[in-house]
Amino acid sequence: MATFLLKRLGLMVLTLWLLTVLVFFAGQVLPGDPARATLGNLAAPSAVQALDHQLGVDRPLLTRYLSWFGGLLHGDLGKSYSYQTAVEPFIRAALINSVKLAVLAFVIVVPLGIFGGVIAALYAGRATDRTISVTGLSLSTVPEFVSGIVLIVIFGVELKWLPVTASAGQGASALQQFRHLILPAIPLVFVLFGYIARMARAGTIDVLNSDYTRTAVLKGLPRRTVIRRHVLRNSLLPTITVIATQTGYLIGGLIVVETLFNYQGLGNLIYKAALAHDFPMLEAGVLIIGIVYVVATLIADVLLTLLNPRLRLGGSQ
Amino acid sequence: MSGSVPQPAESAVPSPVDPVAPVAPLDRTGGYLGATGAAAVAAAGRATPTRWRLLLRRPTFYVGAGILLFWVVCAVFGYMFAPYNPLAQQLLLNNTAPSAAHWFGTDPLGRDLLSRVITGARDILIITPLATILATILGTALGLAMGYIGGAFDAVVGRIVEAFLAIPFVIVAFMFVVAIGHSLVGITIIIGLVFTPLIARTVRAAVQVERSMDYVPAARLLGENSGRVMFAEILPNVLPAVLVEFTVRLGYAVFALATLSFLGFGIAPPTPDWGADIQANYIGLPAGYWWQTLFPALAIATLVTAVILIADSVEQVLAS
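Chain order of the listed sequences is A and B. Counting in the numbering used here, the first sequence runs from 507 upward without gaps. Counting in the numbering used here, the second sequence runs from 1074 upward without gaps.
Here chain B stands alone, though its shape is the one from the complex (with noise of 0.2 Å):
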C-alpha cells in the first residue's frame, strides 16, 4: 500500500480544515477513525512524497513496524525454525509447564507451544491482509458512489448500512460462516463483507468534504462523466483516509479472525492458530495451564498493537 502514493490535486487549495477533527454532532462513529476523523485526514492530509518520509522519524513507526515484520518472518519461515513439528502429540509430556525443553511449555496433546505461537502466525497474516484489501476496495466503491450521487441512491443505501451496523460484527460474521462454513476464502470473503459498510461509512463521509471543493463542478463542466470525476478527480483525494481506515480496519481484522477463531468458527484445528488454541485450552485456566492460553494471548496482543502503532503514525503523518 505504500506504494501508492496519492497525488495532490491540481486545482484544490490546501483545506483550512484543522487537521484535529472537529466533531460532527451527529456523527455516529462506529469504527475508530470514525467518519469525521477520515474527513480530517481527507481534507488535510494533501499527502505528498516528502509527507511520507516523515513516517521514518516517527518512534511508534518502527516499533510497529518491527513486530509486525517479526510475525511475518513467523508466518513466512516459520516452519523451518520452529524447534519442534507444531502438530507432533507427545502424550507423555502433555500439559508440562514452560521449561528449558519447552520454552512456552505444551498443550493437553503434548504439543510444543512455542513452535505453534510461531506458525500459528501463517495463516492470520494471510487472511487478514486479504480480507481488509477485499473491504477497503468495496467500501471505497460503494462510499464514492454514495457521497457523490447523494440523494435517494444515499439515503437507501445508507439506512440498510444502518440496520447492518444494528447487528454486532461478530454476529453477523459467525452467522455467515455458520452458513459458507470455514475455509479460509470463505472467512476472508466474511471478514471482508462484514467490514464493507463500516468502510464506506467512512469514505462517504470524506468524499462530501471534497464535493464542495471547486475542482468537482470544474471537472464536470468539462464534460468528465460521473464514474470519471468519482474515480479520476475525487478518489485520489480520499485516498489517504482510505488509506488510515485500511491500516485501522487492518487490526480490527485481526481481532475479528481471532474472535472467530476463538468462538470455534475461525480455523479449524489442528492448525495452528492462536484463537483457536485459546478456545482449545481456556477450560485449563482454573487448574492452572496458563501457559497453554497466556502466550497466544500475547501473540495476537503484540500482533494487533503492531497493526495500531503503524496506523496511528500513517494517521498523524497524514493529519500533521
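Next up, chain A with everything else stripped away, as it sits in the complex (with noise of 0.2 Å):
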C-alpha cells in the first residue's frame, strides 16, 4: 500500500511539473505585447520598453520559466500586468466563488446521475434505459450557454421566477446568493449528468451480471434486497473517479457558465486575463485548475484502491 501512494504521488508531482511547462509556454504562445496591451495604443514606444524592462518580459524565455517556477516553489503566483500588484488575492476571491458555484453543481447532479444510470441498468436494453441513456449523452454535449439561454428565457424572462445574473451583490444573504446562483448551476449539471449516468450505468450492469448477484437472487433475496445490499454497493466504484475527474472542469470549464451569467468566478478571471494579455494571471488560473484535477484524481485513485481490495494487491493499471 505504501509503495502504491509513494508511485502514485510521484507520478502526481511529475504530473504537475509538466503542467506547469506546459502552462507557461502555452502563455507564451499568446502574441502582443503585455505592455502594450496594459498602456494602450497611444502609449510611446519608449513608455512600453520601460514597462517591459519593469516586468521582466524582455529577458530570456528559459530565465523567465526558472524564476517563475522558482516562486511557485515558494507559493508565489507572480505579479499581474495589468494590475501591478500580486494575483493571489485575486485567484483565491475568484477560487472561492467557482467552488460555491461547482459545490452547488455537484450537489444536485452526483444523486441524480447515479440514481438515473442505476435505473437505466436495472431497465437495460429497454425504453427506459435508452431514454436515460441518450438524454444524457445529448444534455452532455450541448453546450452550457445553449441550455443556459433555455434556462433564462423561460425561468428568468418569462416566468419570473429566479434572477439572470449569479452575483447577489455585495452584503447579500446566504439564501440570496443561493438563489441567485440555482439557474447558473443547472447548464452544469445538465453537462455532467450524461457521464455520472453513463459511469454508474456500467457499473451496476457489471456487477448485475456477476456470479454473486446471480447467488443472491437464486437464494431467493426479494429483488430490493439484492439491488441495495449486493448491487449498489459494489456498483458506484467506478462513478467516484469520474466525478473526480469531473472536478477539473467545474473548477475550470466554468468559462462559459460564468460569462453568461457575469459571475466572479476562476473561468471569468481567466477569461479577462487572457484577452487583456495578463500572463501571469492567466498561468496561475490555469495551474490552480490543473491542480484541482490532478489532486482530484489522485484522490479518487487512493479512495478506490482503499474500496477494493483486489486493486491492491496488482492487477490496475
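By construction, these hints were calculated from the structure, which means they are not laboratory data. Every residue gets a Cβ at the ideal spot worked out from N, C-alpha and C, and that includes glycine. Check the hints yourself; a few may be wrong.
Facing chain A, according to a computed beta carbon distance under 10 Å, are these residues of chain B, among others [to be verified]:
#1 1133
#2 1135
#3 1238
#4 1248
#5 1284
#6 1286
#7 1290
#8 1292
#9 1294
#10 1324
#11 1351
#12 1361
#13 1374
#14 1389
Two chains, two frames, some hints: make the complex.
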C-alpha cells in the first residue's frame, strides 16, 4: 500500500511539473506585448519598452520560466501585469466563488446522475434505459450557454422566478446567493449528468451480471434486497473516478457559464486575463485548475484502492 | 465514413467480452464513450456488412440522420432559400418580435434571424467534420503507437497527454486561437489538435485489448514489421471503436466550435454563426428580446442532438 501511494504521489508530482511547463509555454504563445496591452495603443514606444523591462518580459524565455517556477515553489503565483499587484488575492476570491457554484452543481447532479444510471442499468436495453442514456448524452454535448439561454428565457424572462445574474451583490444573505446560483448551476448539472449516469449504469450492469448477484437472486432474496445490499454497494465504485475527473471541469470549465451569468469566478478571471494578455494571472489560474484536477484524480485513485482490495494486490493499470 | 467497413479479423475468435463495458476501475474517462467503452466496442464489434444494416432498424438513427440532413441542406443551399439576405440590415426594423414577415424576429441591427439561423449552418458544418477527421487520424496513429510500442514511449507520451487533459479543453483551444488567429483553417486545426489526445487515449485502450490476442504474435512470427502489425493487423480491428469515437467527437466538435464562437474566438462577425449571434445578442435577454438568442441556441441543440443520436445508434449496433 505504501509503495502504491508513493508511486502515485511521484506520478502526480511529475504531472504537476509537466503542467507548469505546458501552462508557461502555452501562455507565451499568446501574441501581443503585455506592456502594449496594459498601456494602450497611444503609449510612446519608450514607455512600452520601460514597462516591458520592469515586468521582466524582455528577458530570455528560460530565465523567465525558472524565476516563475522558483516563485511557485515558494507559493508566489506572480504579479499581475494589468493590476501591478500580486495575483494571489484575485485567484483566491475567484476560486471561492467558483467552488460555491461547483459545490451546488455537484450536490444536485451526483445523486441525480447515480439514480438515473442505476435505473437505466436495471432496465438495460429497454426504452427507459435508451431514454436516460440518449438524453444524458445529448445534454452533455449541448453547450452550457445554449441550455443556459433556454433556462434564462423560461425562468428568468418569461416566468420571472429566478434572477438572471449570478452575483447577488455585496452583503447578500446566503439564501439570496443561493437563489442567484440556481440558474447558473443547472447547465453544469446537464453537462455532468450524462457522464455520471453513464458510469453508474456501466458499474451496475457489471455487478448485475456477476456470480454473487446471481447467487443472491437464486437463494430467494427479494429483488429490492439484492439491489440494495449486493448491487449498489459494489456498482458505484467507478462512479467515484468520473466524479473526480469532472472536478477539473467544474472548477475550470465554468468560463462559459460565468461569462453568461456575469459571475466573478475562476473561469471568468482566466478569460479576462487572456483578453488583456495578463500572463501571470492567466498562468496562475490555469495552473490552479490543473492542480485541482490532478489532486482530485489522485484522491479518487486512493479512495478506489482503499475500497477495493483486489486493486491493491496488483492488476491495476 | 460509413463506406469504411472493417473486415473481420481472420484469426481472431469472437471475443467473450461482455458488450456492456466492464469498467476498468482506474480508468480515467475524459470522453463520453471513454476508453473502456471503446475497448468493449473493439472487442465485441467485429463489424460485418450485415451488422451495418441493423443501423437502419433503429428509430433513433433515423431521427438523428433526418435532423442532420436538414442542417446539411441548409448549409449547402441555405443562401438560396433563406427569405432575406442574412447580412442585410434594416435598422428601422431592429429588435422586432417574431411575426409573419420575420418568423424568428430580427436582431439589434434589423437582420432577419430566420435567414441567419439557416445560413449559419454552413461554417459549422464545414469546420467540425474536418476538425474531427484531423483529430481522428492523428489520435488513431498516436494511440496505435502508444498501445503497441508500450514501455517508455507509452509512459512518456501518456504523462504528457495526462498533463494536457488536466487543462480544460476550452482554455487550451482559446489560447491557441488567440495565438494563431481565428481563420477557418486555424480553428479547424486547433479543434483537431485539442481532440487528438482524447482519441489517442481511447484507441490506446482498444489496442491493448487487441495486443493480447493470438493474431498479433502470429503476425510477428510471420516476420511482419511493427508498422505492418499496427496498421494492417490491429487497425482494422479497432476501426469500430475509432468510428464510434469519431461520431461522438463530432458532437463535441460542434460543442467546442459553438463555445469558441460564444467566447468571441470562433467565426468572426458578420458571418452568420449561431454561437457568435448568441454572444452578440444575449445582452438583450433582460430586455425581453428572447428570440435573438433562443433560436440560434435551439439550432445548436438540435444539431448536437442529431449527431449524438447517430453516434449512439452506431455504438449500439457495433456493441450488440
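Against the structure, the hints:
A hinted interface residue such as residue 1133 of chain B counts as satisfied when its beta carbon comes closer than 10 Å to some beta carbon of chain A; here the least separation is about 6 Å, so the hint holds. Checking residue 1135 of chain B against chain A: minimum C-beta separation of about 13 Å lies over 10 Å; hint violated. Because the smallest distance between the Cβ of residue 1238 of chain B and any Cβ of chain A comes to about 8 Å, under 10 Å, the interface hint for this residue holds. Using the Cβ-Cβ criterion of 10 Å, the hint placing residue 1248 of chain B at the interface with chain A is satisfied: the shortest such distance is roughly 5 Å.
Taken as an interface hint, residue 1284 of chain B does not check out: its beta carbon lies about 15 Å from the nearest beta carbon of chain A, beyond 10 Å. Hint status for residue 1286 of chain B relative to chain A: violated, with the closest Cβ pair at about 19 Å, above 10 Å. A distance limit of 10 Å between C-beta atoms decides the matter here; for residue 1290 of chain B the minimum to chain A is near 22 Å, and the interface restraint is violated. Checking residue 1292 of chain B against chain A by beta carbon gives a least distance of about 26 Å; that is not within 10 Å, so the hint is violated.
Hint on residue 1294 of chain B is violated. Least Cβ distance to chain A is approximately 28 Å, over the 10 Å limit. Checking residue 1324 of chain B against chain A: minimum C-beta separation of about 4 Å stays under 10 Å; hint holds. A distance limit of 10 Å between C-beta atoms decides the matter here; for residue 1351 of chain B the minimum to chain A is near 6 Å, and the interface restraint holds. Because the closest C-beta pair between residue 1361 of chain B and chain A is about 6 Å apart, less than 10 Å, the hint holds.
Below 10 Å, beta-carbon pairs count as interface contacts, and residue 1374 of chain B has one with chain A at about 5 Å; its hint therefore holds. Checking residue 1389 of chain B against chain A: minimum C-beta separation of about 8 Å stays under 10 Å; hint holds.
Hint compliance for this structure: hints 2, 5, 6, 7, 8 and 9 are not met, and every other hint is.
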